[in-house]
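Enquirer: Protein chains in written order, with the numbering used here: chain A, 527 to 805; chain B, 527 to 805; chain C, 527 to 805; chain D, 527 to 805; chain E, 527 to 805; chain F, 527 to 805.
Don't read these hints as lab results, they were simulated from the structure. Predicted model, so just to flag it, every value in this text is computed and none were measured. Do not take every clue at face value.
[Stated by the list, open to error] Derived BS3-like pairs (lysine-lysine); straight-line CA-CA distance at most 30 Å:
{"#": "1", "chain 1": "A", "residue 1": "595", "chain 2": "B", "residue 2": "568"}
{"#": "2", "chain 1": "D", "residue 1": "700", "chain 2": "C", "residue 2": "700"}
{"#": "3", "chain 1": "A", "residue 1": "698", "chain 2": "B", "residue 2": "568"}
{"#": "4", "chain 1": "E", "residue 1": "698", "chain 2": "F", "residue 2": "568"}
[To be verified] Simulated restraints on C-beta separations:
{"#": "5", "chain 1": "B", "residue 1": "555", "chain 2": "E", "residue 2": "698", "range": "45 to 55 Å"}
{"#": "6", "chain 1": "A", "residue 1": "530", "chain 2": "F", "residue 2": "772", "range": "24 to 34 Å"}
{"#": "7", "chain 1": "C", "residue 1": "699", "chain 2": "D", "residue 2": "589", "range": "22 to 32 Å"}
{"#": "8", "chain 1": "D", "residue 1": "569", "chain 2": "A", "residue 2": "558", "range": "54 to 64 Å"}
[Unchecked claim] Example chain B residues on the side facing chain E (calculated, C-beta under 10 Å, incomplete):
{"#": "9", "residue": "535"}
{"#": "10", "residue": "537"}
{"#": "11", "residue": "541"}
{"#": "12", "residue": "547"}
{"#": "13", "residue": "585"}
{"#": "14", "residue": "620"}
Just so you know, even glycine gets a beta-carbon here, dropped at the ideal spot from N, CA and C.
6 protein chains.
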Amino acid sequence: MNRLLVDDILRNALTEDLGGGDVTTELLPEAGRPATGTLLAKAPGVLCGAGIAARCFTLLDESVEISLKLEDGAELRDGVEIGRLRGRAASLLAAERTALNFVQHLSGIATLSRRLAQRAAEHGIRIVETRKTTPGLRVLEKYAVRVGGGYNHRYDLSSAVLLKDNHFALSKLKPGELVRRVRAQASHALRVIAEATDPQLVEELAANGADVILLDNFAPDEVRWAVRQVAGRALVEVSGGVNEANLDAYVVPGVDVISIGALTHSVRALDISLEIEPR
Amino acid sequence: MNRLLVDDILRNALTEDLGGGDVTTELLPEAGRPATGTLLAKAPGVLCGAGIAARCFTLLDESVEISLKLEDGAELRDGVEIGRLRGRAASLLAAERTALNFVQHLSGIATLSRRLAQRAAEHGIRIVETRKTTPGLRVLEKYAVRVGGGYNHRYDLSSAVLLKDNHFALSKLKPGELVRRVRAQASHALRVIAEATDPQLVEELAANGADVILLDNFAPDEVRWAVRQVAGRALVEVSGGVNEANLDAYVVPGVDVISIGALTHSVRALDISLEIEPR
Amino acid sequence: MNRLLVDDILRNALTEDLGGGDVTTELLPEAGRPATGTLLAKAPGVLCGAGIAARCFTLLDESVEISLKLEDGAELRDGVEIGRLRGRAASLLAAERTALNFVQHLSGIATLSRRLAQRAAEHGIRIVETRKTTPGLRVLEKYAVRVGGGYNHRYDLSSAVLLKDNHFALSKLKPGELVRRVRAQASHALRVIAEATDPQLVEELAANGADVILLDNFAPDEVRWAVRQVAGRALVEVSGGVNEANLDAYVVPGVDVISIGALTHSVRALDISLEIEPR
Amino acid sequence: MNRLLVDDILRNALTEDLGGGDVTTELLPEAGRPATGTLLAKAPGVLCGAGIAARCFTLLDESVEISLKLEDGAELRDGVEIGRLRGRAASLLAAERTALNFVQHLSGIATLSRRLAQRAAEHGIRIVETRKTTPGLRVLEKYAVRVGGGYNHRYDLSSAVLLKDNHFALSKLKPGELVRRVRAQASHALRVIAEATDPQLVEELAANGADVILLDNFAPDEVRWAVRQVAGRALVEVSGGVNEANLDAYVVPGVDVISIGALTHSVRALDISLEIEPR
Amino acid sequence: MNRLLVDDILRNALTEDLGGGDVTTELLPEAGRPATGTLLAKAPGVLCGAGIAARCFTLLDESVEISLKLEDGAELRDGVEIGRLRGRAASLLAAERTALNFVQHLSGIATLSRRLAQRAAEHGIRIVETRKTTPGLRVLEKYAVRVGGGYNHRYDLSSAVLLKDNHFALSKLKPGELVRRVRAQASHALRVIAEATDPQLVEELAANGADVILLDNFAPDEVRWAVRQVAGRALVEVSGGVNEANLDAYVVPGVDVISIGALTHSVRALDISLEIEPR
Amino acid sequence: MNRLLVDDILRNALTEDLGGGDVTTELLPEAGRPATGTLLAKAPGVLCGAGIAARCFTLLDESVEISLKLEDGAELRDGVEIGRLRGRAASLLAAERTALNFVQHLSGIATLSRRLAQRAAEHGIRIVETRKTTPGLRVLEKYAVRVGGGYNHRYDLSSAVLLKDNHFALSKLKPGELVRRVRAQASHALRVIAEATDPQLVEELAANGADVILLDNFAPDEVRWAVRQVAGRALVEVSGGVNEANLDAYVVPGVDVISIGALTHSVRALDISLEIEPR
């Protein structure tokens, strides 16, 4: 990850929560005393963002000492200690909520990512997220998907070409012609992905040089048919409406990638807490 | 809402998704032609963020024309048209995903907020979110809670005093003494909220001037007892582990506020799409 | 205080004064040699911003060593040494003016704050600033008021509800009705303050749930009457036209708070200098 | 002035005051209705920042209409109307305090600047500010000095060379040698100013090529002597301890410039208000 | 291009040149009068950045009217009029230098890009830039390459995988193994490019799944041999030491791409001027 | 140089190149291992930016250790080692290109600057750059000119008054009158430079108080004539069309300064590389 970008995200979040300052802690007579914070899992899942959480504290107060027992990717269960922080009570209290908000959110993504990725991996299929990420947190959410065992789709609009239904609808060219033209014009450093909203389009896209064919909202049977039709000329990505409940139906041999928006657009935070005591 | 802050959030999100630019659309021969985008609900819920989504387009290209049919707070069902955009195809395509990410996320919050708020409102109780908001999106998420019929808790660490378990654990003073001291020192413009992690603390907090007593992880029976004990000396807020499944048990007469972290920390995006066609 | 916010303010000020760089010092043959700077008070007053001034130097050059003899809140008189800095001459010279601008301004506020706060404190009344702060420096100016012994009013437009003359003028509701409605709708975590521009309004505001009644431009006799009228139903704040000359007239028993705009809008800098010598 | 820089300052100030949003106005049923705001002088002085104040409103809401009756530099007296704003009540209320904070502060500077500049101008002497400006507001404060009839000193550390006592103390060269060396090395586009902390230095500085000789803390007699000694070889600037009370003593023929730190470091805000009514 | 990113670059450049403001123009009695500026080519080349230059003026003063006669990509010769600006003299003067700096730099790139691209295009080969762009201007420089008829290499470190000599040197795996492993792990949306610093590596890279093989500092004969060896299994990119003088030697049939760092790291500005007259 | 400004430029450049992160290095099994990078000159020239390049690494990863063998200003030849970096392989790889882009660009400027400055210095004439700098890099490019032995022109539009052809064309005053007026009104801390586009203007500008007369596009004979005409009343600057080929013709006794736009607008990068090996 780009550390400078991550630090900007953390600083922004810290200052969002601090506003003019932590008025409660400033009134606490013991605010300046040393304290210890213990980061504890309160539910089973996959840890993600332990270093991010720790960084929240050190960005606010570089004298806070961090010792993490677990690394991102570790399996958590209720009561497991993730790590400890030592520093001024005021610093631990001021960054607590922001740090927890990050680690809970990212662990939520990693937890779901691992559940789905494991089921798909048995069949040599990758689970990837989509661009339906939380605004402002993309770099972190993509990291959480990887921590969970998933893979990443394109980072942003500039890092791969992806012709979708809206592009085809706007173009006067036939889909195959558009794919051919775009592939011929696109940077040699970029892949060209083409979305098939209908099985009838698959052959046209595959024959015209798409590197990846994205099957959008295909039924499982249609996916099976499309895999045979593409016959290795392009990678096959399944997308649209796949979720935890119906994933198994889409784990079709020959599929390379299944992209799942819910990995990042409908995150369920993992319960993690910080217990602070005087040292 | 602070419009300048909101614009910063939207610009940041747009540029996160655009990177160097939309390489797909730049290769589309029709990129410069006029197009129409229709914002459509794909699932039932409460609309929130229609204006936010529209602003994404105009921040990128001020010549995009917006006409919204529905306002935030409207009930949606699958197929309902929310509004239309007219402008250069390239502009609609470039802002599409970011705009949808906002409106889907915020509508998800508003939808849950309304479901919960309505159940509580019948008993004169407010539903509020907590500080467990998505980093960087707090101002928008709090707005979404209000759109759904909920109310807001304190905005940040500087806008109310809230003594929690960690503060009491750090202090050498007894909880009641700490509340009394903090209330005496705190700004006259701020409320002082005190968290009771145990029923035994309720009387001590109420007797020492807390404006709000937050009952943390109390069983419903304990809540009922606490309401009687406080007897109007402070507002009563119930918090910790309340969710959609167990809300009814906490809708206890005399409770003023129920705060629910899941309103913002475990959001389920509402499905909304944009269909773009040549005009 | 929010340290990240404070650092942003300091960096912005340093770069405002540095522009492309310190062209004088860059021409000094001895720019790179070690030097000592002594921070000296040149007039009596209350020190505020010693740490802020020190931070200016370390933000520019983290190798500058600071040793402060006095802490914020200390009484100063002409010639008193506040602290010493050791580091590259160029670093001391580059940050000197900015550091002094902060400490002189903040000490000016703390000095007046203490003078006023002490006179009011004898009667159990607080002195607070208003929102008439210097644009961009609010967080620091409010800190300076506290250092001087004053208290703070609301931090910003989001941290308390305050109905002023302009709100009442715009509303079709009667003042009391507006207060009642706003109190009923406002966040339970926020106080509601209502401004009485006329003694006739006091009863109406007190009867409808205002947490604080702000008596705007009341004569001392009117203040005395209002205190009796409110009779403990709300806190009483006196505001408008109170200054060092007439403060005693407003120190009326039963008043809780006196807010004084001049604390921050008409600051008189305290004279503090930095003497730099080769080490 | 650099308009982009000014807009950044205003946006920063607006968001400092707005925080998450104006919670009072959001609760006002009439927040969306059209209103008129009248900017009124409440005390005699010189107007400065009318356009800056107006810009605060349009940055927040570009539909606010401004009509200014007076321009910066106009003489104000109690009750004079400066201009009117028309727009949504919520927009007028949200930007009111920030706009007033700017115009009151800048008018305070312009008012003092005019008083001093007029007295000096009769003798062909300029009044200028110093670098003792309020952190973050330099560009505006220098503008206010000009509006009042004063002139500006160097903008920042990069826009003129100024050898002060601290530079001389650090250097192994004699003052005259340092001036000569620095003049020889400095950019041909920059002036070199040298501070004389002692009358004995004046000849040495003048003989070695300083463009301006700054007489620091000289008694009036010493100033007169120095003017004769410099004899036109350099401009003569008087600085240090000059204020409204003793200015006349320093208005010595042959002096070119008197620099006064109090112009910007000890500003007395001019009372200006905004009255908002439903339109 | 990402317009928000471009606007940030332009604003930053304008404020870099303006500092506190344009002190010359502020002293010009005619600063506020209407004026016309004519953008004129002073040398032959390819226009790039006309819209960027125009945007500099409107960012500073939105009332400046622009009428461009030529679009980016147009052939220029000495004396050709590119377009006209009408607006306040002060606005034209303030943005002049920054606007010219952009259009001269970008036209310099486009001019060289066209010269090289045309020679290569006859043989079906693309000319692309490298990541040796001017810090802070990448998005604009890549645009200028396209305007000249060149194509783009990867945008940044996140938009393609590129294994270079330094990666191979660090890895314990053999080059072919590293390529295979990385291709297997990389996002399906990204291409994998592998650099061959030696002809002996070509087969190993081609056999292990590289999408593009980058021949670094190969002699023309080695390039010819490598093309035959790769035999269509990957795209072939020639890089390292290719310049205008020796380009023809590298225009080898079967090469797909030639990347040239000098396109952006050694730019020769194209002479373009702005003549301003009173209207 | 203003270090805070420089750090902002470096951070911006690093994040421009990193985007979401270095996808190649993240896939390298050895990414976390310690490595050594050696900065090597590949061509003769003048080193500039070694510290800047080093700072790129430490901004990204403060644990990278730097040891520079050469300082800015050192003469380079092919194969010379400039310095070494030790740190995590991933950190060296991530900052490599950005660091090199800076040092190559700045060394290119310093190299040309030294070549030209040495030829002029023999005759007591300075070489200076113009405001034709690369947008966003001015502070660094001016530093590179100084490293090469050149001097700097004004930093920006606020740091000297410069009346150019466009100002004279707009003004109703005669050039001499405009110079006189502007000199009378300009800050005493600023120099006034006046551009003569025609020999006939020289006397008029010199007689009216210009501190510097800039001879724009004068033939060498005209320059000689102008020097005699000015006769020491002002500094003489030659500008316009001077380049490496014709410099000698303009090295006219009595000229003080020659300004050369190509120093910064047409930079030829100096070849410098980084070789990374496992430690």
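Enquirer: All hints are to be evaluated individually against the structure, with a verdict given for each.
Expert: Against the structure, the hints come out as follows:
1. 595(A) to 568(B): 44 Å, violated
2. 700(D) to 700(C): 76 Å, violated
3. 698(A) to 568(B): 28 Å, holds
4. 698(E) to 568(F): 28 Å, holds
5. 555(B) to 698(E): 45 to 55 Å: Since the Cβ atoms of residue 555(B) and residue 698(E) sit about 48 Å apart, the hinted range of 45 to 55 Å holds.
6. 530(A) to 772(F): 24 to 34 Å: For residue 772(F) against residue 530(A), whose Cβ atoms are near 45 Å apart, the range 24 to 34 Å is violated.
7. 699(C) to 589(D): 22 to 32 Å: 26 Å, holds
8. 569(D) to 558(A): 54 to 64 Å: 44 Å, violated
9. 535: 13 Å, violated
10. 537: 6 Å, holds
11. 541: Constraint on residue 541(B) satisfied, holds at 5 Å.
12. 547: 5 Å, holds
13. 585: Hint holds; residue 585(B) Cβ to chain E Cβ min 7 Å, cut 10 Å.
14. 620: 8 Å, holds
Going through the hint list in order, the structure does not satisfy hints 1, 2, 6, 8 and 9.
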